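Colleague: Single-letter residue listing:
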Amino acid sequence: MTGFWSRFRRRRIAMIGLIVVALVVAVAIAAPYLYPQSPWKMVQRPFLPPFANALVPLGTDTLGRNVASGLAHGAQVSLLIGIVSTLVALAVGVPIGAIAGYFGGIVDDVLMRFTEFFQTVPSFALAIVLVAIFQPSLTSVIAAIGVVGWPPVARLVRGEVLAQRRREYVEAAILAGQSNFTIITRQILPNVVSPIVVLASLMVATAILLESSLSFLGLGDPSVMSWGYMIGAARTVVRQAWWLSFFPGVAILITVLAINLVGEGLAEALDPRSSRDHH
Amino acid sequence: MSEEAILSVENLAVELPAGADRLFAVEGVSFEIRPGETLAIVGESGSGKSMSANAVMGLLPPGTRVAQGIAKLDGVDLFHLDEAGMRAIRGRRIGMIFQEPMTALDPLMRVGEQIAEVFEAHGLLTPAERRARALALLTEVGIPEPERAIHAYPFQLSGGQRQRVMIAMALALDPVLLIADEPTTALDVTTQAQILKLIKELQRKHGTAVMFITHDFGVVADIADRVVVMRQGKVVETGTAAAVLGDPQHDYTKALIAAIPTGHPEVAPPATPRAREIVLEVAGLTKTYTTSGGFMRPARVVHAVKSVSFDLARGETLGVVGESGSGKSSLGRCLVRLIEPEAGSIKIEGAETMGQSIGQMRQWRRRMQMVFQDPYGSLNPRSRVGRIVAEGPIAAGVPVKTAIAKAADLLAMVGLDASAVDRFPHEFSGGQRQRIGIARALALDPRIIIADEAVSALDVSIQAQVLRLLADLKARLDLALIFITHDLRVAATICDKVAVMQRGEIVEMGPVGQVFGDPQHDYTRRLIAAIPGRSESGPLGRVRAAGA
Amino acid sequence: MQTLWFLSSRLVKGILVVLAIVVLDFFLIHFAPGDPAAVMAGESGATDEIFLQQLRVKFGLDQPLMTQLGLYLWGVVRLDLGYSYRQQMPVLDLVMDRLPATLILTGAAFVFSLVIGVAAGAWAAANKDRPLDRAITTISLIFYATPLFWMALMSVLVFSVWLDWLPGFGFEEVGNTDNVFERVLDVSRHLVLPAVTLGLFFTAVYVRMTRSSMIETARMDFVKTARAKGLTEGVILRRHVLRNAVLPVVTLAGLQAGQMVGGAVMTETVFAWPGIGRLMYEALLQRDYNLLLGVFLVSAAMVVVFNILTDWVYRLVDPRIEVAR
Amino acid sequence: MKAKLLGTLATSLVLAASVAVPALAGPKEGGRANVVIQPEPPGIMTGIVQNAPAQMVGGNIFESLLRFDTELKPHPQLATSWEISPDGLTYTFKLHPGVKWHDGKPFTSADVVFSADKFLRETNPRTRASLAHVETITAPDDLTVVFKLKETFGPFIRMFEAGTLPMVPKHIYEGTDFKTNPANNTPIGTGPFKFAEWVKGSHIRLVKNPDYYEKGLPHLDEIYWHVIPDAAARSVAFETGKIDILPGGSVENFDVARLAKTKNACITDKGWEFFAPQAWLWFNHRQGVTADARFRKAVSYAIDRKFAHEALWNGMGKVSTGPFADSTAFRDESALVKYDYDPAKAKALLKEMGYKGEVIRFPYMPYGETWQRWAEAIKQNLEDVGIKVELIATDVAGWNKKMGDWDFDISTTYLYQYGDPALGVSRAYVSTNIAKGSPFNNVGGYANPEVDKLFAEGATAFPDSARQKAYSAVQKKLSEDAVYAWLIDLKFPTITHCNVKNLITTGIGVNDGFKEAWIE
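Chains as they are written, first to last, in this note's numbering: chain A, 1 to 279; chain B, 1 to 548; chain C, 1 to 325; chain D, 1 to 520.
Keep in mind the hints are simulated off the structure, nothing from the lab. In this text the structure is predicted, and so the values were computed from the model without any measurement. Just so you know, even glycine gets a beta-carbon here, dropped at the ideal spot from N, CA and C. All clues stand as given, with none of them false.
Simulated pairs of lysine to aspartate or glutamate, EDC-like, Cα-Cα distance not exceeding 16 Å:
1) D/LYS200 / C/GLU282
2) A/LYS41 / D/ASP304
3) D/LYS200 / C/ASP97
4) D/LYS200 / C/ASP93
5) A/LYS41 / D/ASP384
6) A/LYS41 / D/GLU383
7) C/LYS128 / C/GLU216
8) D/LYS242 / C/ASP164
9) C/LYS13 / A/GLU116
10) C/LYS13 / A/ASP109
Residues from chain B that keep clear of chain A, each with C-beta distances beyond 12 Å, as calculated:
11) GLU32
12) ILE89
13) HIS122
14) THR139
15) GLY284
16) VAL301
17) GLU323
18) GLU342
19) SER461
Whenever a hint applies, use it, and build me the whole structure from the sequences.
Modeller: Encoded structure:
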């Protein structure tokens with residue numbers, strides 16, 4: 001683990017990403033203390049430009065709500081949805097991929113057809129349908145992003161498990177009389193964790209993008225302030241109030257960028273090629 | 001020493017990137033090669049033999065660099081040439097072939113074009129002439145149907161054919177020096193013999209000097225004029241092949257030569273032959289693979305194991321030999337039912353195991369355990385060694401603590417320190433890992449051990465140690481051993497009986513002396529003939545004859 | 001023969017996948033709350049139960065679900081995708097009307113992203129760890145992380161509103177000319193912003209993929225062989241590394257086709273591009289079941305066709321596939 | 001760009017040539033109007049499709065017997081004159097002679113009888129409801145039609161408007177399935193413009209009817225209705241000059257103020273008098289706290305209508321004070337109990353009734369940005385006085401379903417009042433109009449026999465003074481009960497380039513505005 005950390009730390013750009021992610025997390029956690037009032041609260045006259053009033057440093061929106069407060073509270077939502085939906089995708093994708101890769105044959109065939117099937121449907125369109133059907137809410141958005149997100153996980157896990165499955169330690173475990181479940185969970189999965197972690201980190205970024213797209217189309221939870229919502233709501237006034245779509249857009253861009261940098265840093269630090277340097 | 005050396009390397013040092021386990025990959029290495037001569041550079045893995053060759057070619061891996069030394073080719077120091085100068089040398093003055101003929105050819109390009117590229121790289125000939133030369137070269141290296149082969153993609157050729165293409169490419173411009181980096185290691189023994197023969201022939205015909213890098217003293221004996229022995233980046237001994245093999249001066253060389261399997265049984269048969277107590281009886285075992293064609297396309301059937309029958313008694317060692325694809329590994333996996341055979345009978349201690357449920361099978365598997373080939377892949381990198389060894393007993397219901405304590409004992413038995421229990425596999429060397437694998441196989445107190453190429457991935461000195469351990473354990477624990485290997489010398493060293501497999505079938509089976517001494521089947525004879533270093537006229541043969 | 005076999009087997013597979021998708025979607029969408037009859041009736045601003053019932057009977061909405069599904073499937077087999085309640089037109093006509101626009105948009109975005117992506121990725125790989133590589137990698141990462149709709153919004157603002165270089169919405173200036181050449185020019189001008197916006201994300205994906213694939217391939221043995229022949233780095237890069245490295249990118253590009261149709265929903269909405277992406281969003285909001293299913297079907301079929309084409313290209317580039325199958 | 005430049009050059013040459021002729025003071029003939037249509041209508045046969053965009057386009061193709069000006073006074077259209085018998089039961093219309101359908105067939109009284117008695121009775125529920133008062137429709141001769149009523153029905157004359165009672169050709173529809181008749185896609189009317197083409201997702205084109213019976217009309221050669229689904233894109237289109245006319249509701253309210261200030265932009269809120277849309281907040285009277293009048297009053301006090309009127313509606317329209325919209329007949333300001341913005345009163349009322357923080361479900365109307373923003377603002381207003389609100393996002397279908405199933409506590413809505421309380425107001429209040437499945441009847445479930453009786457009186461009383469009495473009483477009762485929270489009497493501004501002249505001339509605005517319009 002220390003080896004991993006020192007390898008990760010060596011990549012400056014990944015460290016910058018990590019620091020930015022840490023900042024976003026800090027803002028998300030601090031949001032209720034920074035802006036104890038609801039971000040929906042109309043606090044000033046509408047369309048106040050940024051840097052004009054110290055109390056609303058980033059200006060106000062169409063209803064006179066504080067943009068800075070919205071950004072801070074939006075960070076919470078974006079991160080929450082990004083992380084939870086990724087967990088949902090992992091919860092679906094990892095078992096399917098592991099079972100397909102481990103058992104192979106007809107089980108693999110069936111599961112992979114099933115996965116392909118989900119991949120053939122344009123995923124964004126599917127997400128729209130799911131959210132619309134279950135009515136926009138935090139739960140339905142998370143579920144929809146998770147549901148469209150799992151096929152790549154399943155494919156990755158299947159591939160990795162398949163590769164591990166061919167290694168002799170798995171045969172040794174079978175000969176030792178271990179059950180399939182034990183072999184998958186105790187022997188194989190720990191060896192597949194690195195690529196899953198890398199993929200998961202990138203999926204968090206993708207999920208944040210997807211959530212913002214859904215909110216932009218008006219398919220977000222109407223009770224939670226999110227960055228995508230802010231841009232969607234500002235779309236029609238983009239010309240008289242550029243800051244309303246600009247700041248949340250930049251917030252998404254920076255967060256997603258930073259998570260990607262961390263993901264890449266993880267990928268390199270966890271790369272078997274670089275971790276094999278002790279022999 | 002009358003002739004002028006075409007390549008002379010002096011005091012070469014190659015620096016490794018920071019953080020590696022040593023400062024220099026190669027240090028203070030000097031050697032020279034004269035026209036028409038074959039210089040073998042021998043050493044175990046990590047000895048720096050390939051690094052030296054790559055340094056000469058200017059193809060060192062990224063991060064490493066020549067720190068010191070000169071390499072004079074025709075009086076020009078290669079280490080001081082610029083990139084363009086070096087490019088003019090590569091392919092034209094020095095040709096090179098590599099270990100893996102599969103990956104060394106561009107998979108997307110027809111082999112004819114790949115050969116023609118050599119001429120193109122040096123701006124020679126017209127495209128039509130290049131094609132003609134490529135065809136001539138393919139004919140010269142003995143590829144069947146060269147007119148067709150020229151249009152083939154690498155994947156359509158066999159390993160041996162691919163290596164021939166590589167040789168054709170390397171020799172296309174009649175270089176003065178050919179560097180061959182373990183060119184036969186990935187090949188079957190019969191193919192290896194053919195390739196070695198081809199290199200020799202071409203060398204004679206073109207007068208090329210060959211720098212031959214290998215770990216196999218048998219190959220050295222067959223091909224080398226002079227030998228450089230390397231160890232951990234340094235040259236330990238240099239001399240003519242006859243001198244080095246026949247009268248090694250350095251302890252390391254001596255040890256290496258001593259470790260070569262002699263091809264004679266080392267374990268004396270029990271003084272008093274006792275009644276054979278059959279532990280395993282196999283009859284008509286069959287496994288075929290059908291590549292599904294789908295409708296409209298005929299399915300392809302491969303016989304991995306075809307009506308194999310044999311029996312095995314307590315204390316006996318059965319060697320299963322054959323080239324890759326002969327089905328010997330499939331046989332081993334069928335026996336422990338990692339692969340489900342489709343027909344036949346497997347009786348362990350008289351009880352039929354075929355057709356039994358998975359639960360029942362678990363019981364039988366404890367009687368028959370396996371030692372695997374890959375010292376890296378056969379141990380879970382994320383498990384501690386103690387746990388790896390104890391897994392079988394734990395799965396069988398033994399309390400974890402007890403099982404781990406027993407694992408420590410087993411590890412001691414295979415010659416490892418008790419502290420090994422808490423360490424991870426990557427902290428061990430290849431030989432040590434194989435010992436861990438053996439300890440694991442023993443953990444369930446089996447009657448039968450199947451060793452599948454258990455020493456193939458090991459350096460020769462380590463190989464000898466592991467073989468000795470296996471033989472020792474077998475005798476001590478009164479085990480039956482099935483030893484699967486492609487190396488006939490190894491088989492001859494350790495086995496009582498040997499079965500020769502070809503295309504899934506046992507073509508010949510009998511006591512080792514009988515099979516190897518008086519082979520009946522044509523295939524067996526071919527295999528034996530192809531063993532490197534076997535020829536009685538070679539230096540090793542002479543040594544062996546004298547010593548044995 | 002091989003080719004014929006390949007095509008027909010892939011086609012059969014593809015059709016099965018598409019049909020399965022239709023069935024799934026059918027149940028998914030019918031699971032949604034909302035009565036299409038109420039939507040239709042709602043448009044008139046006032047309505048009564050008699051009227052609603054009339055509408056339900058008219059469009060078979062009073063039938064059991066399985067019957068509706070059966071009728072629909074039977075229709076699909078006869079290339080009849082049903083009737084859009086809301087638009088009062090056969091679904092197939094509506095979708096086919098809109099399909100060309102989407103094909104033009106996604107096709108342009110696809111070509112743009114693949115060409116630029118592979119070129120830039122290869123360029124970056126050739127200059128690995130130099131400033132140029134860093135610049136390309138950084139820019140592509142930024143595009144990768146930018147929300148598509150935001151990029152669309154900002155590009156309209158900058159290039160259409162502020163700079164007035166390009167039209168910011170629509171397919172063409174309607175009714176301006178009958179001259180084919182002028183029309184093509186006009187459509188192309190309208191195409192630039194949406195296609196580039198849609199393509200940029202995928203460009204970024206291909207840049208990253210090409211770059212890493214190139215670097216990976218450069219480590220392969222056959223590259224060393226090529227060096228041992230005395231080939232120059234440029235030739236090695238183009239002839240050996242790039243060709244091999246492009247294979248996984250092609251595979252990825254095929255898989256991304258589905259994503260691109262999804263992205264088109266966003267792009268078409270912002271740029272008022274009259275394609276099926278927009279049609280789909282409208283249909284969904286109006287609960288126009290048949291239309292929605294039709295768009296789903298067609299876009300899934302598009303993805304399947306894309307996948308088959310990719311495999312086809314892959315077979316052309318990689319000789320190993322032909323025999324291995 | 002070049003092609004456009006060349007085109008412009010060519011046009012300006014032509015213009016230069018015509019400048020020599022002295023400019024006329026009257027309307028300029030010819031030219032094309034580029035108009036936005038949003039959303040793309042499902043069809044433009046207004047006898048079948050009644051949604052707003054369909055009416056906007058179809059209003060130029062189909063006509064009714066009368067037109068109504070911005071004061072809602074009737075004017076001749078297909079009827080040259082009309083007569084109401086003193087008992088208010090017989091309506092006799094004289095038709096315009098020499099009127100031809102777009103396919104050349106003559107328009108006669110038989111078409112009127114067919115349209116009213118057969119076609120619209122089947123296809124248009126709103127028309128069907130009004131026609132329930134009709135006993136017989138007869139055609140004594142080719143140019144005379146007589147409607148005989150069963151009882152007096154005050155607003156009956158207002159039916160003869162293009163959107164409610166469009167004339168459809170008998171010779172095309174008789175004996176066919178009206179809904180699937182192929183002519184629905186190539187509509188045939190009597191109006192000043194003829195259908196030319198419809199490229200789905202792109203545009204609808206109408207061309208001048210050269211045989212139009214009103215001499216000298218229309219002035220324009222053609223009308224292009226452009227489908228531009230994105231609101232921001234519609235604004236850009238107007239600014240770049242591609243679009244001349246933005247009908248009400250086609251750009252987001254936030255953009256209206258900005259667009260109004262751009263060069264050559266003219267804005268009007270006229271043309272909505274007939275529809276008189278009113279926005280209010282539904283209360284579900286059936287259950288929970290919303291069944292309590294004190295709670296409803298508290299909500300009515302808590303909502304800052306003035307803020308919404310200014311921030312969301314650019315000050316267009318008027319803040320509502322009661323159930324009758326500003327331009328609806330029989331509105332009586334003096335009868336109303338008024339609820340001004342007063343959070344303190346709201347809090348006091350909540351305290352009095354013992355509101356314990358029950359969460360109010362608010363599936364707001366999903367009709368675009370403004371409505372969502374408004375819902376957010378209302379939620380904030382309510383939370384400021386301590387009411388807990390859960391916003392529920394839906395799409396149009398889901399919302400219709402929720403409202404139709406009465407699955408809500410409060411919700412925003414707006415309905416047209418069609419100038420007369422009997423046509424557009426009573427439907428949301430009378431208990432006979434409580435039925436599951438529709439989002440447009442008495443969704444709140446308010447049931448009061450006294451109110452039912454007063455509305456019934458108001459509809460059938462004769463003459464108008466008798467109606468006024470009943471309606472004043474109703475207004476008093478409804479506002480006392482705070483039945484719903486009336487928000488704003490909406491006006492949707494029409495934005496045009498100022499060289500578009502004479503566009504809005506009647507109470508239904510753009511819906512039949514192109515007949516007399518010209519472009520300078």
